[in-house]
Amino acid sequence: MATPVSQTTTESPLLSVKNLQTSFFTDKETIRAVDRISFDIHRGETVGIVGESGSGKSVTARSIMGLVDSPGRIVGGSVQFSDVDTVERLAEEYPGQTIDLADIRAEHDPAALIEQLQSREADLSRLNGPGMADRDPVELVREGSVTMGDLVAGGYTDQLGITDEDAYIVRDADDGGFVDITGASEAAYRKIRGRGIAMIFQDPLTSLNPVYTVGNQIKEAIRLHQGLQGDEAHQEAIRLLEAVSIPDAHRRVDEYPHEFSGGMRQRAVIAMALACKPQLLICDEPTTALDVTIQAQILELLMEIQEERDLAIMFITHDMGVIAEIADQVNVMYSGELVEKAPVESVFGAPKHPYTQGLLESIPGRHPDEDRLRTIEGDVPTPNVKPTYCRFAPRCPKAFDACDVVHPVNVDVSEDVDDNHTAACLLYPEDLPESDAVEHHRKRGDGGDDQ
Amino acid sequence: MSAVFLILRAGPLDPVAAILGQKQDPVMAHQIRLQLGIIRPDGSPVPLWEQYLEFMHGLITLNFGQSWVISRGTPVMDLIVARAPVTIWLGFWSVMIALLIGIPLGFYAGLNPNTSSDYLASFGGIVWRAMPNFWLAIILSSVLVSSQFFTESLFGVALSWREWLWDTGVIGGPPLDNLADPEQLFAAIKWIMPAAIVLGSSSMGNEMRIGRTAVLETINSNYVETARAKGLSGRIIVWKHVFRNALIPLVPIISGEAFLLVGGSVLVELVFGINGLGKLTFDAINSADLTMAGGILFIFAVFLQVMNIIQDFLYTLIDPRIGYEQS
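These protein sequences, in sequence, are chains A and B.
Be aware that the first sequence starts at 1, since it is given in our numbering, and climbs by one per residue.
Be aware that the second sequence starts at 1, since it is given in our numbering, and climbs by one per residue.
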């Protein structure tokens with residue numbers, strides 16, 4: 001999509017999700033559970049994903065982990081994971097599917113490549129926004145808005161036959177390169193899971209195998225990802241349990257999950273995820289099944305661990321209170337789409353999308369003088385057709401006629417320059433009159449790959 | 001056992017008539033009744049409660065008395081000991097067949113759900129499950145007896161089951177006195193196979209279906225998902241995380257087979273002409289050998305109890321959530 005060029009950090013993101021699309025294919029219909037969403041996660045950052053049940057949060061997480069089960073399938077987009085260690089490990093294992101940027105730079109000139117693409121009238125909007133087709137390639141390259149890395153990442157080198165379509169590992173001596181996880185085979189995925197990206201699930205009561213001791217399950221991850229054996233692994237497991245504040249860890253390590261309380265089990269699950277030494281931790285509603293005091297402890301624990309290890313966390317929840325506590329950056333999902341994306345302060349201080357506003361209004365206690373809790377009327381629709389309208393319109397208090405015929409795209413709604421705040425709603429950009437704003441969305445919506 | 005006693009003794013079975021057969025000689029009948037201890041010397045019948053006390057006392061002291069009809073005068077225990085080995089041999093192999101074919105097939109189907117091989121295995125399981133023992137036994141024995149005709153018309157080579165690999169009979173039980181000799185051992189296994197397949201068939205189908213469901217249930221559980229998220233390989237996940245959990249629901253099914261085996265062995269042994277406990281039970285009841293029948297039923301009852309206890313112990317081995325010590 002047309003990513004706003006203003007980037008809060010100059011550092012490249014650890015995980016970059018671009019136009020990810022995951023669909024479930026049934027006999028009756030195709031459900032677009034995740035429908036072309038894009039977002040970034042940086043090192044040490046917590047990115048919250050909020051939305052009602054059925055808005056596609058968990059499918060997003062599973063898509064990143066490669067755990068989407070049949071009949072679901074990732075049908076488009078990319079998930080670029082830029083962890084140097086992971087890139088090197090995979091490049092070593094699968095040299096045939098690795099692209100070395102240095103080699104390509106030595107052989108080809110990016111400007112010439114862009115020219116070739118322009119002459120083929122290829123769709124260049126994936127590069128850095130629309131309007132690329134008319135510009136002078138040499139100038140683009142000189143001003144740095146298009147690099148060889150962009151050409152490779154956008155799949156243009158595949159189009160030109162320079163790189164292999166199956167290649168998904170990009171090595172780059174300058175900034176480490178990335179792995180496009182969506183292209184990885186199951187065997188390669190196993191190398192990324194755990195050590196690159198670990199995940200903890202919603203229900204700690206069933207996340208541990210009841211017939212093996214907690215220590216056994218943690219050691220399994222230690223042996224696999226840290227290469228420790230025997231007593232060393234055992235000591236490491238105890239150390240990890242202590243790190244997640246389980247008292248009496250040397251005794252607890254030999255106990256079975258049923259001997260742990262709910263909160264302790266979630267701690268054990270976190271310890272197991274940490275045993276993999278991940279760069280990114282995906283938490284799929286890790287506190288939903290726990291009571292409030294335990295919930296607070298677990299959140300605190302996660303924040304401590306994040307600080308210690310410079311861990312990136314993707315935190316999925318439907319609880320706005322939890323998001324306020326833990327997230328730096330918030331992505332609001334609705335019916336498979338990202339409808340608002342902003343730093344946490346902006347989401348709570350100046351929510352733009354009517355859906356976000358509705359979510360915030362629904363937090364109990366916001367309107368203490370009212371008898372009834374506020375809700376958003378209706379349910380999340382099943383996203384089973386390509387959207388040509390706003391999926392939230394039927395429930396939106398601010399909907400107008402155009403909402404039924406124009407699909408809104410993410411537009412910049414930042415109040416601050418650094419905010420990087422976007423919302424997908426026809427009400428924005430606010431400075432344009434309504435009809436112009438709608439026209440703006442219609443035009444960008446037609447631009448093909450746009451979100 | 002009290003119920004067994006009542007059913008046997010208060011029922012319509014008349015051991016005296018069975019012993020005497022056609023010639024109804026009142027003097028002999030009187031003598032036999034006296035011998036069996038169901039009338040007093042003065043001709044008045046021994047009351048049922050006295051017979052009951054004697055019967056129960058015998059069970060507790062493991063003294064089942066002597067056979068009344070089948071082999072008059074031989075202690076019941078001797079007969080049981082003589083007939084038990086071939087039944088144990090049959091039972092062992094039918095359990096083995098069910099375990100070694102049923103469970104792997106079920107697990108395979110569960111790991112590859114909704115594929116054509118799954119459908120084939122599931123369909124086969126249901127068919128096996130549905131086939132009645134006695135019918136399958138008759139069909140199988142008649143096919144094997146005339147095996148050379150079938151193989152000749154199908155493959156052009158006459159292959160007699162009797163002579164194939166080892167010389168055995170189709171019906172009857174194998175001699176079990178020299179199993180240390182491999183030749184004899186394999187012959188004995190081959191000999192018992194048809195009967196064991198018939199006896200194991202229904203439990204095999206059962207285990208297959210339960211195994212498939214158990215694997216499917218386990219594989220969709222959260223801990224398997226967590227294990228996948230850890231980056232474990234599919235092989236470790238299946239062998240370590242799936243199998244042990246899938247075995248838990250199978251334990252009662254397997255031990256429940258004991259019941260099937262006891263009931264089934266009566267039919268199968270009869271059809272295959274194996275001289276084992278099952279056939280002995282059938283004969284004892286048929287010929288109103290009340291002490292014999294009582295003794296065998298007692299052994300069966302003890303056997304089932306033992307199976308139940310073993311089942312409970314197996315649970316504690318497989319599932320750590322079940323334990324005997326208070327914690």
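Read the hints as simulated data drawn from the structure, not as lab findings.
Mixed in with the good hints there might be a few duds.
[What the hints assert, rightly or not] Pairs of lysine-lysine, DSS-like flavour, derived with a Cα cap of 30 angstroms: (1) K191/A - K190/B; (2) K191/A - K277/A; (3) K443/A - K398/A; (4) K398/A - K386/A; (5) K240/B - K277/A; (6) K277/A - K28/A.
[Stated by the list, open to error] Pairwise CB distance ranges, derived in the manner of DEER restraints: (7) D310/A - N220/B: 46 to 56 angstroms; (8) V306/B - K28/A: 19 to 29 angstroms; (9) R244/B - Q226/A: 16 to 26 angstroms; (10) P249/B - R239/A: 32 to 42 angstroms; (11) Q226/A - I139/B: 54 to 64 angstroms; (12) P247/A - G234/B: 42 to 52 angstroms; (13) H258/A - L53/B: 19 to 29 angstroms; (14) G124/B - S362/A: 19 to 29 angstroms; (15) R239/A - R321/B: 26 to 36 angstroms; (16) K398/A - N220/B: 53 to 63 angstroms.
Yeah, the Cβ is synthetic: ideal placement off N, Cα and C, and Gly gets one too.
(request) Could you tell me which of the numbered hints above are not met by this structure, giving the numbers in increasing order? (result) 1, 6, 7, 8, 12, 13, 14, 16
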